[in-house]
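Top line first, the protein sequences correspond to chains A and B.
So for the first sequence, my numbering puts the first residue at 25; every next one is plus one.
So for the second sequence, my numbering puts the first residue at 14; every next one is plus one.
Distance condition first, Cα-Cα at most 35 Å in a straight line; then the derived DSBU-like pairs of lysine-lysine:
#1 K300(A) to K427(A)
#2 K40(B) to K300(A)
#3 K348(A) to K411(B)
#4 K406(B) to K277(A)
#5 K405(B) to K300(A)
#6 K413(B) to K348(A)
#7 K40(B) to K321(A)
#8 K15(B) to K151(B)
#9 K405(B) to K321(A)
#10 K406(B) to K328(A)
#11 K128(B) to K277(A)
#12 K138(B) to K40(B)
#13 K321(A) to K356(B)
#14 K427(A) to K396(A)
#15 K40(B) to K427(A)
#16 K406(B) to K348(A)
#17 K328(A) to K128(B)
#18 K328(A) to K184(B)
#19 K328(A) to K369(B)
#20 K406(B) to K423(A)
#21 K321(A) to K406(B)
#22 K130(B) to K321(A)
Residues of chain A placed beyond 10 Å of chain B at every Cβ, according to the derived structure:
#23 K26
#24 V255
#25 I395
Note that these hints are calculated values from the structure, not bench results.
Ideal Cβ positions, reconstructed from N, Cα and C, are used throughout, including at glycine.
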Amino acid sequence: MKVLMFGWEFPPHISGGLGTASYGLTKALLKCGVDLIFVVPKAYGDEKPGSIRLVNASEVAIDIQDEVFREYLDKMSYVEVDSQLVPYATEEEYFKIIEKTQQGVTAEKGSIHSRKYEFAGGYGKNLLEEVNRYAMVALTIARQYDFDLIHSHDWLTYMAGKEAKRITGKPLVVHMHATEFDRSGESVNQQVYDIERAGMEAADKVIAVSHMTRSVVINRYGIHPDKVVTVHNGVEPPETEKDLEVKRHLDEKIVTFLGRITFQKGPEYFIEAAHKVLQRDDNVRFVMAGSGDMLNKMIRRVAKLGISNKFHFTGFLKGDDVDKMFGMSDVYVMPSVSEPFGISPLEAMRSNVPVIISKQSGVAEVLKHAIKVDFWDIDAMADAIYGLLHYNALPETFKKHGKEEVDNIKWDQAGEKVKEIYQEFLT
Amino acid sequence: MKSICFYFQIHQPFRLRNYRFFDIGYKHDYFDEYANRFIMQQLAENSYLPANEILLSQIKKFGKKFKVSFSISGIALEQMERFTPEVIDSFKKLAATGNVEFLTETNNHSLASLKSKTEFFRQVKLHEAKIKSLFGVKPKTFRNTELIYNDDIGNLIFELGYSTVITEGPKHVLGWKSPNLLYCSATNPKVKLLMKNFQLSDDIAFRFSVRNWSEWPLTSEKFTGWLNALGPKTEVVNLFMDYETFGENQKKETGIFDFLKTFPQIVFDKSRFQFNTPSEVAAALQPASPLHIPYPISWADEERDITAWLGNEMQNEAFNKLYELEESVNSCEDEGILDHWQKLQVSDHFYYMSTKWFSDGTVRRNYNPYNSPYDAFINYMNVLADFEIRVKKACAGKVKEEASKAPARKRATKKVDEKPVKTTKKPVTRKKTGGTSKK
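Bound-form chain A, shown alone:
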């Protein structure tokens, strides 16, 4: 069984959940004996695809005179949008994009009508243009390679999947890692929504990363329930069993928020809950690790509440610092307003940190040993934090069962399920 898979990111060049998830899934599929051709818009050369065949879309030349493209270009009308789409960009990446555009590098890259097209990768200003170009490259690739099935990850690659299906007639599976409603709340970008919907309509099967996402797909995109299946994400075991012993220099207990500081992640609820806890308990520190468009507002809020001697910001954390942060934490909170899945609580649990997660996260569907609260319920959140800090039996229980639980949430299971879905089409 051979699958042509369209992705947008591949480790180590990832900026969030999408790259990690596609990587975890591909590895599991390989284990199940599925052959993969994985296409990314831009390969950097230092990816670690293992036995996955990685295709760099930037290197695929296309013949624009070809009828297939004519047909596609006639239908397509893209509009350049301002950057607000950026679904997973970190602050660092955002500034890189801005810099690039200012230096005019992206502008020189050539139009989508040229033979070769250097994708910027990531999530820049020309995102829609790139999405369209990616679809054109997909047409070429689809004719070059031999495969049984097409699998597209997130809206960025749906056009590519759709075009590949059109030219080859092979079945298409699209994978919903996040919906436009997760990214933008109620103020959705109509173009993105349209692409998502068109992709799902063209698909033979839609995979949603949680029941929550599945119901959004059914209710808000009008996709037939029979076509939509939930496959929960897994979590990668650590590459090497790292020594998680971190030397702690603070006497107080530490409660951590780690993630992008954006509307979707609900950072303000964490701050309000922290404020409530600090009124009762002085022997605790709160940490907000990460960066994002709401960071400055959050800093001002903390200053205004007068708790900034107990509430710390670390900025964007990388690699070892993330492990260090988990190692120092006594409680991990993920108060996401909308989280299709959410891998970070699993990472915290792997480091023996008890977690509090919002009911509005997909991961809440698979986790038993976590405290679940509504993201807006800051009283419940404060209660849970206080409880975990003071009633020792509670964190002990969570630690004991949590690690075991998280070790059993494996990509292998997800891989098996996806393979079953593939097989439906091939028999």
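Chain B: place on chain A using the hints.
Chain B in isolation, oriented as in the chain A frame:
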């Protein structure tokens, strides 16, 4: 008599290093030694040393006619002593001429005057002692950090034995009044006020090298002409500026040093002005009128108020959290802790957190180590969190120490007390029993 009062301010903070959350409770070195040393050395080379040389030669040339005044924050002096002792020597030479008045201020260039009387007094006295030990004179004139002043501060300063203060001459305080006269405080008329002529001062400090300024280039002749054109009632023109104006804010290439070289000669040749120090002016002139200044003024920005340091929630938070520690810091009686607490009071830390200047294009104090006010706040609060832990530990140690001492003392006193009690007890009980028996 018409006086020019030339006053220069020198201050450089101990900048904080990039202090991360992971350092809290663990690393206690807060300052960026490299940057602080480098900046002080740069300034010495570009500004302080060449400018001092010019002033010294002018004093030699004109004798008693040419006088200037300085205030150098204690924190700047400390850095000069460590990084550029040649600058201290150069100031000592200037001090030895007797033509230079050294003013006093808070040792740490702090905002203590707005928050804590005891800390304010302590820092002024520290600075006084520092000036006395380095330059052999006791200061007679006071200037507060960034020329911050209001009626209350005037009263505090008087309590400390100062009756001359220099400050800004903002329009919202002076109104139609001229800054070119001596004033006194309305709440305490014994406090004399010298008000900065910001128009003329800023012509030199900020506009000297601005090419699209209609008066560019500024020459000594032109400037002296403006002095002569001031009204006939003019008594004193207060030219107050950062000393870094010479050679740093206005680079050598702009001709700023030539201006400093030629200015005194032109003034003596073409005008009736002479150069005096603030204390001379205050002694010689009668105050023209009392001034009410209920709200603090400063020499910063168009507003000339304190919002550059205490104007947003981050600044207020950091400032309040810092001074909440005052009592603990004092009670733990640890010199290292006191020193760091005072270094954290340096006004620049709060200045870096200001969000006012996204739209303001005027000259800023150079060498701001932060990309944004938010970075400044986070870094400062991380340091403060570690500092707070240290203070608490030191206090706890202190309490333990006292606790271990206290019972010993108690025992000792008990023993001392017990004997006389016993001896007196007997007669007392006897009397009592006697008393009851009488009943």
